[in-house]
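Chains as they are written, first to last, in numbering that gives the first Met the number 0: chain A, 0 to 349; chain B, 0 to 297.
One or more hints might be untrue.
To give an idea of the interface, some chain B residues facing chain A are shown, with a C-beta separation under 7 Å as derived from the structure [as the list claims (entries may be wrong)]:
hint, residue
1, L81
2, L85
3, P89
4, S111
Simulated restraints, written as ranges between beta carbons of each label pair [stated by the list, open to error]:
hint, chain 1, residue 1, chain 2, residue 2, range
5, B, V149, A, L299, 53 to 59 Å
6, A, N344, B, D120, 56 to 62 Å
7, A, A302, B, G219, 29 to 35 Å
8, B, V123, A, L299, 47 to 53 Å
9, A, A302, B, V215, 42 to 48 Å
These are computed hints drawn from the structure, not numbers from a lab.
Just so you know, even glycine gets a beta-carbon here, dropped at the ideal spot from N, CA and C.
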Amino acid sequence: MVIRSKTFRESYYEDIKLFQTVWIRVWIFLFLILLATLPLWGNPYVIYLINLSCIAVVAALGLNLLIGYTGQISLAHAAFIAIGAYTTAILSSKVGLPFWACLFASGGVAAAIGFGLGIPCLRLKGLYLAMATMSFGVVLENVLITWDKLTGGVRGINVAKISLFGYPLDSDSKIYYFLLVITVLVILGIKNLVRTRVGRAFIAIRDRDIAAEVMGVNITAYKVMAFTISSFVAGIAGGMYGYTMGYIHPEHFTLLLSIQYLAMIIVGGLGTILGSIFGAVFIILVPELIKGIARFSELLIPALKGKYNEEWNIAAFGLLIMIFLIFEAGGLHGIWGRIKTSFKNWPYTY
Amino acid sequence: MTSGFLYFMQLFASGIAVGCLYALIALGFVLIIKATDILNFAHGEIIMISAMICYFLMAKYQFSFLTAVLITIVIAALMGVLTERLVLRPMLGEPIFAVVMITIGLSIFLRSLAGITFGHDNYVFPSPFPKEPIHLAGITLSMTQIWVMVSTALLVIIFFIFFKYSRMGLAMRGTADDQETALLMGISTKRVFAMVWGIAFVTAAIAGISLANVMVVNIGLTFTAISAFPAIILGGLESIPGAIIGGLVIGVIENLVGGYLDQAIGGGVKDVTPFVVLFLILMIKPYGLFGKEEIERV
């Protein structure tokens, strides 16, 4: 009889399997059941936070595909989310298309513009790429404000409510399932993408582009593909954002939002799916954490009362980016991996 | 002179004045990129914070303009050295993405701290320059614009002399050229980096004070740094003369477009022009006029 003390992988296929062990399947199944039953017993505020996290997870996955897997710096992610959100808003409220058509159109329009941005950006690397994408974000923000016939300009624009078989999803707990299903689909999609030929090509380009080209990876095609897919996912996240908020405004999609998504993937861990999820949820929860700390310190020191405002959250994002980059480059995913290994190897932890 | 030509010259002259501001901002970016290969995204925050400090020194603590400027410059230099020591030094040898991201993190951290300390109000800087404009051969320029041009020119001359003749300047050029060889030659690259950050932050402080004289002082001053990007790209990332020329050219183009096309097409063209120029340069000549060219196929 063969006794196995650990998971052994005997072929490449086993190494890239979607679920490595039975236990992972079980845990994910239980977690999904927990999420699915949450509206029955959960607090509405928790559901609202999970809704925000779902949008963030989808957006962060798109960005991580581009930055973490392909190694292309982009500061224009908020711009693509804006494109998606505005496409959804215009198609749903002015044209009256159903939600699935709006979402696909959002992804499609964002992907088309991402394709357009990807081609001139092919020649750029590092700092140049960061500056080019950042300027794209600035220009798009100006376009959203100036082109007010289409976008409503500084007045913003309303997004029509989703109706599913004539049944409107008009509250947080109703839209919850909609967001959850899309998030799970996007996670599965990207998880599958990165274990295929395309995903391996992305990673090869990130690690060493010249070596990748020598190995026969078509850098041009794959870089543009990374931009396009990342924008497509961002567009879908934008559509989800539009439907959840019901109203969008150019101010929602500034450079700060791009930086917030960067914070998610850096804190979570670059180039990992689980990391994007951890990071997105963590960054969504940071403001709650700070509010909690503020409330607690008000109790201890009455002089601090009323000193809390939104700015502290942004300062915390900046501080988190710096701390994680200096002290824990692997992000939360790295910490999680270490904890898991030390439990697995117990008592031989080192 | 015909009135058409005069109009052109007027736009050109005020374009040069705006361009000087771009050049000042670009100078700070390029100094850091040249020596350390880091694009400091927090530059705009330093510009804004310096302007704020100078404003508060003058308005609240009743310092004279010159003393306030001197104190601001000293504070900026200290901030530069501290930033290098605390934030950038641990990142030595890390991939470029991480370094870019850490300056972005620093930028939003500083911006929100500034928002918390200084508030979000608009302040009007008590400008020491007389309000009456000056007429030169039919062209009208304000005193502030002339002072901005003069101080930019002075700063450029000082930098030229510093880099050409001083020991530290030579060490900096050596480090920018090749870090390892500079280390072997006995140059303390750590000290050079700290100095570079200090000097770059001082140029940011001067740019901030100049901007404060022509604009309202508020948190939004940070975005002026982003509008200097086209100037840096045009000049090439690693070239100091490039930064100056790029700044002047972008300033003039922006003003000419604003003067001629804004009525024809409608508002907002002026603000977007520098970025359109940026995209064009990146597509045609990605390493700018004087940048270090790295030839590679994609």
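Proposed interface contact between B:L85 and chain A, which counts if any beta carbon pair is under 7 Å = Since the shortest Cβ distance to chain A is 9 Å, the answer is violated.
Per the hint of 29 to 35 Å, is the separation of the Cβ atoms of A:A302 and B:G219 within bounds?
-> Cβ of A:A302 to Cβ of B:G219: about 30 Å, so the range 29 to 35 Å holds.
Identify whether the interface hint at B:S111 stands, where standing means a beta carbon of chain A within less than 7 Å of its own.
-> With a minimum Cβ separation of about 4 Å from chain A (threshold 7 Å), the hint on B:S111 holds.
If you check the beta carbons of A:N344 and B:D120, does the distance land in 56 to 62 Å?
-> Holds - the Cβ-Cβ distance for A:N344 and B:D120, about 57 Å, lies within 56 to 62 Å.
So the hint says 42 to 48 Å: do the beta-carbon atoms of A:A302 and B:V215 match that?
-> violated, 32 Å
Interface hint outcome for B:P89 [beta carbon to chain A under 7 Å] | holds, 5 Å
Against chain A, run the beta carbon of B:L81 and see if the smallest gap drops under 7 Å.
-> For B:L81, the interface hint is violated, since the closest Cβ of chain A sits about 13 Å away, which is over 7 Å.
Using the C-beta atoms of B:V149 and A:L299, is the stated range 53 to 59 Å upheld?
-> holds, 54 Å
Honestly, do B:V123 and A:L299 meet the 47 to 53 Å range at C-beta?
-> Violated, at about 40 Å.
The earlier numbered hints that this structure contradicts are 1, 2, 8 and 9.
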